[in-house]
Amino acid sequence: QQVQSGISCPGADLSGADLSGLNLNGINLRGANLNGARLADTDLSGADLQNTNMPGPYLKLHLTKANLSGADLSYANLNGNKLDKAVLNNAVLYRTGLRGADLNYASFAYAKLQEATLDKANAQKWRFQLRRNVLQLAV
Numbered sequence: 001q002q003v004q005s006g007i008s009c010p011g012a013d014l015s016g017a018d019l020s021g022l023n024l025n026g027i028n029l030r031g032a033n034l035n036g037a038r039l040a041d042t043d044l045s046g047a048d049l050q051n052t053n054m055p056g057p058y059l060k061l062h063l064t065k066a067n068l069s070g071a072d073l074s075y076a077n078l079n080g081n082k083l084d085k086a087v088l089n090n091a092v093l094y095r096t097g098l099r100g101a102d103l104n105y106a107s108f109a110y111a112k113l114q115e116a117t118l119d120k121a122n123a124q125k126w127r128f129q130l131r132r133n134v135l136q137l138a139v
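So the sequence shown is numbered by the working numbering: it starts at 1 and just counts up by one.
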């Protein structure tokens, strides 16, 4: 199955797929299985990734330098995954699992992180610009 920008692939099994460097702007991957997928340098801006299965640390998802600006990652499991230098500006991360994720140099300008779990995340030089009431982390 070919994956293209702006199309709808809810529930798709993309486990282990190499989608590195693709422009997947606005794609609907709600509920998809991205177990072990490679998404380095992928443009996922405006993508719908709600309830997406992306577990780590054993099968890490590589989102290094990925553009996730404006993406909806609500309830997504990104625990233990690599998001170094990822751009998550204006992204919605409601109840998103980021426990133990690599977030070095990631940008979260105006991202909505209500009840996101960030404990044990590896983060150096994060970039945040927050609006009121958008950062409410889960315990």
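FYI, nobody ran anything at the bench for these hints, they're computed from the structure.
A couple of the hints might just be wrong.
In silico EDC-like cross-links for lysine to aspartate or glutamate, where the CA-CA straight-line distance does not exceed 20 Å [stated by the list, open to error]:
no.: 1; residue 1: 65; residue 2: 43
no.: 2; residue 1: 65; residue 2: 115
no.: 3; residue 1: 85; residue 2: 43
no.: 4; residue 1: 85; residue 2: 119
no.: 5; residue 1: 85; residue 2: 13
no.: 6; residue 1: 65; residue 2: 18
no.: 7; residue 1: 65; residue 2: 84
no.: 8; residue 1: 85; residue 2: 41
no.: 9; residue 1: 65; residue 2: 41
no.: 10; residue 1: 125; residue 2: 84
So the derived label-pair ranges between C-beta atoms look like this [claimed, not checked]:
no.: 11; residue 1: 127; residue 2: 16; range: 16 to 24 Å
no.: 12; residue 1: 110; residue 2: 16; range: 13 to 21 Å
no.: 13; residue 1: 23; residue 2: 110; range: 19 to 27 Å
no.: 14; residue 1: 7; residue 2: 120; range: 33 to 41 Å
no.: 15; residue 1: 95; residue 2: 10; range: 17 to 25 Å
no.: 16; residue 1: 125; residue 2: 7; range: 14 to 22 Å
no.: 17; residue 1: 90; residue 2: 124; range: 33 to 41 Å
no.: 18; residue 1: 94; residue 2: 7; range: 21 to 29 Å
no.: 19; residue 1: 8; residue 2: 122; range: 16 to 24 Å
no.: 20; residue 1: 123; residue 2: 11; range: 29 to 37 Å
no.: 21; residue 1: 120; residue 2: 53; range: 27 to 35 Å
no.: 22; residue 1: 10; residue 2: 124; range: 29 to 37 Å
Computed from a predicted model, the values in this text were never measured in an experiment.
We put the beta carbon where it would ideally sit given N, CA and C, even for glycine.
Right, here's what the structure says about each hint:
1. 65 - 43: Measuring from Cα to Cα gives roughly 9 Å; hence the hint holds.
2. 65 - 115: Violated. Residue 65 to residue 115 sits at ~24 Å, over the 20 Å cutoff.
3. 85 - 43: holds (13 Å)
4. 85 - 119: Measuring from Cα to Cα gives roughly 19 Å; hence the hint holds.
5. 85 - 13: violated (26 Å)
6. 65 - 18: Holds, because 15 Å separates the two Cα atoms, which is no more than 20 Å.
7. 65 - 84: Satisfied, since the Cα-Cα distance of roughly 6 Å is no more than 20 Å.
8. 85 - 41: holds (10 Å)
9. 65 - 41: holds (5 Å)
10. 125 - 84: Holds: residue 125 and residue 84 sit about 11 Å apart, inside 20 Å.
11. 127 - 16: 16 to 24 Å: Cβ of residue 127 to Cβ of residue 16: about 31 Å, so the range 16 to 24 Å is violated.
12. 110 - 16: 13 to 21 Å: For residue 110 and residue 16 the Cβ distance comes to about 33 Å; the hint is violated.
13. 23 - 110: 19 to 27 Å: Holds, since residue 23 and residue 110 (Cβ atoms, about 22 Å apart) stay within the stated range.
14. 7 - 120: 33 to 41 Å: The hinted range 33 to 41 Å holds for residue 7 and residue 120, with Cβ atoms some 35 Å apart.
15. 95 - 10: 17 to 25 Å: holds (19 Å)
16. 125 - 7: 14 to 22 Å: Roughly 35 Å apart at Cβ, these two residues miss the hinted range, so it is violated.
17. 90 - 124: 33 to 41 Å: Roughly 22 Å apart at Cβ, these two residues miss the hinted range, so it is violated.
18. 94 - 7: 21 to 29 Å: holds (24 Å)
19. 8 - 122: 16 to 24 Å: Given a distance of about 34 Å, which is not inside 16 to 24 Å, the answer is violated.
20. 123 - 11: 29 to 37 Å: holds (31 Å)
21. 120 - 53: 27 to 35 Å: violated (20 Å)
22. 10 - 124: 29 to 37 Å: 35 Å Cβ-Cβ, so the 29 to 37 Å window holds.
Checked against the numbered hints given earlier, the structure breaks hints 2, 5, 11, 12, 16, 17, 19, 21 and satisfies all the rest.
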